[in-house]
Amino acid sequence: MKYDLVIIGAGPAGMCAAIQAASNGARVALVDENPVPGGKLRGQVYKEPKSDWWIGEKIVRSMESKIKQLGVTCFLEREVWGIYPKWKVMLNNGEQLESDFVLIATGAAEKAIPIPGWTTPGVMAIGAAQVLANIQRVKPGNRVAIIGIDALSLTIAYDLKMAGVNVVGIYLPPLNAFSLEKSNPLKMIAYLSSLSHLAPNPMLKLLGKLGQIESVQKLGVNYYPPFGMKVWGIPLHLRKAVVEIIGNEAVEEIVVAAVDQNGQLGRKQEKRIPVDCACISGGLYPLVELANAAGCESVYIEELGGHIPLYNEELETTQSGIFVAGNSTGIEGAKVAMAQGELVGTVISIRLGFVEGGPELIKKAKEKVNLERENAVIKFHPGLENGRAKLERLSRIRE
Amino acid sequence: MIICRCEEVLLRDIITSIENGAETLKAIKMETRAGMGICQGRTCRVLLEQAIAPYTDITIQETNNIMYKNPVRPISLANLSRSGKDSSQ
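Top line first, the protein sequences correspond to chains A and B. When we follow this note's numbering, the leftmost residue of the first sequence carries the number 1, and every step to the right adds one. When we follow this note's numbering, the leftmost residue of the second sequence carries the number 1001, and every step to the right adds one.
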């Protein structure tokens, strides 16, 4: 089948691009591996700093009905296994979608932090716990330990608490080749201080304030209470690492050990804590496999999550006609993803000749992306601006 | 400690492979089968990049030289053989 635009990934970026292009008159195909569209946006629920609640599920539902109205063809529960010139999008049921324009909006995957016992049933990535609790409405466990401190894990700790889960504590991962900064108490205090005061839940807000004062940063680590500091009833441990996860058929216990301010294990005795679920948060990285296999050049920018396809201001990759939006462009929030989706939808509609007044529309769409970026409540990486500047430089050199 | 869950490759298998002369992700993959399972490295690829970094001159920046190849997702041979045949509408 031939389409004007094939979109891979029906998350916030993909859905917005579909709506934008289809409302301009484009024939759009939207592919997703899940049985329903929405991606991770469906799991997001938080109070906006200055306005109402942001309820992902509700936003998804309204976008879904627009997509139906506009006649976008949805291919759900279909995986894309390859993109061939120029361009053929291959689905795992043998179908093939043809288009001059392809948008890769495949989002991100979670980085693991291996700890002895991390493959025991009941250990999961933190994002899986959020999907279970907020989307499937299933408790991932009754006594849950969280390993890894970052904006995502703190937000989900709060979500789990709200869902009635006993979150026994948030701990550091042990110092090893995979945990790096995440095992370092001093680095983590500095990180907490970088979390915006606009952070969308009371836990992040409180922590952000705490870390802001430099003297507290140092004192906080040296005199950090051995029982942790309770935030919203959840003990946050900045001087304790989970060194092992124990269980035969399923998780039974975590082994916790005290660490010094650089994350080195002390001589003190280890303690075993009974849990039935452990969530590991190692951060997110953009899923680039389709872009890479299609021949798009990629660059490594740590602040954006790792390897990403090189793209220009209009979000087009080095393969003409292949675009990216959302977390495939670097790890940021849903609102940035949505604005990026609109930008791509606009750019492609103009190239297809469906709308006039191109430069002005594109300028507006770009401004919206920047505005959402400035107003973002959470910056996943403190060096995001730096990373974006690097990317823009590399993109200019390429052109 | 397991690094590649799909193929059950341990960290010490990877370190042994590096000590025996494997210098690239590809060499480690060929020797240990890490990254060759059902998820095709979606979990362990990032870990392998981190594991190899202290032992070799390859920086993580350069590891993207190892290309991804289609199919990037599992597909049955039956469906693969049908691919493209129903597009002649």
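Derived from the structure by calculation, the hints contain no laboratory data. We put the CB at the ideal spot given by N, CA and C, even for glycine. One should not assume that every hint holds.
Okay, the calculated beta carbon distance ranges per label pair [said to hold, decoys possible]:
#, chain 1, residue 1, chain 2, residue 2, range
1, B, I1038, A, E48, 34 to 42 Å
2, B, A1078, A, E360, 48 to 56 Å
3, B, K1069, A, N93, 14 to 22 Å
4, A, E249, B, S1076, 37 to 45 Å
5, B, P1054, A, K68, 37 to 45 Å
6, A, N386, B, I1038, 46 to 54 Å
7, A, E270, B, T1024, 35 to 43 Å
8, B, I1038, A, E302, 27 to 35 Å
9, A, E360, B, L1010, 14 to 22 Å
10, A, R396, B, I1038, 37 to 45 Å
11, B, L1010, A, S65, 17 to 25 Å
12, B, T1056, A, E181, 16 to 24 Å
Here is how each hint holds up against the structure:
Judged by the Cβ atoms, the range 34 to 42 Å given for I1038(B) and E48(A) holds: they are separated by roughly 40 Å. Restraint check, A1078(B) to E360(A): a C-beta distance of roughly 50 Å satisfies the suggested window 48 to 56 Å. For K1069(B) and N93(A), the Cβ-Cβ distance of about 21 Å falls inside the hinted range of 14 to 22 Å, so the restraint holds. Restraint check, E249(A) to S1076(B): a C-beta distance of roughly 31 Å breaks the suggested window 37 to 45 Å.
Against the hinted window of 37 to 45 Å, the Cβ-Cβ separation of P1054(B) and K68(A) comes to about 52 Å, which falls outside the hint. For N386(A) and I1038(B), the Cβ-Cβ distance of about 37 Å falls outside the hinted range of 46 to 54 Å, so the restraint is violated. Distance hint check for E270(A) and T1024(B): the Cβ-Cβ separation is about 38 Å, which falls inside the suggested range of 35 to 43 Å. A beta carbon spacing of about 28 Å between I1038(B) and E302(A) agrees with the range 27 to 35 Å that was offered as a hint.
The beta-carbon spacing between E360(A) and L1010(B), approximately 58 Å, falls outside the hinted interval of 14 to 22 Å. Restraint check, R396(A) to I1038(B): a C-beta distance of roughly 40 Å satisfies the suggested window 37 to 45 Å. For L1010(B) paired with S65(A), a C-beta distance near 50 Å fails the hint of 17 to 25 Å. For T1056(B) and E181(A), the hinted distance range of 16 to 24 Å is satisfied, since their beta carbons lie about 21 Å from each other.
Checked against the numbered hints above, the structure breaks hints 4, 5, 6, 9 and 11 and satisfies the rest.
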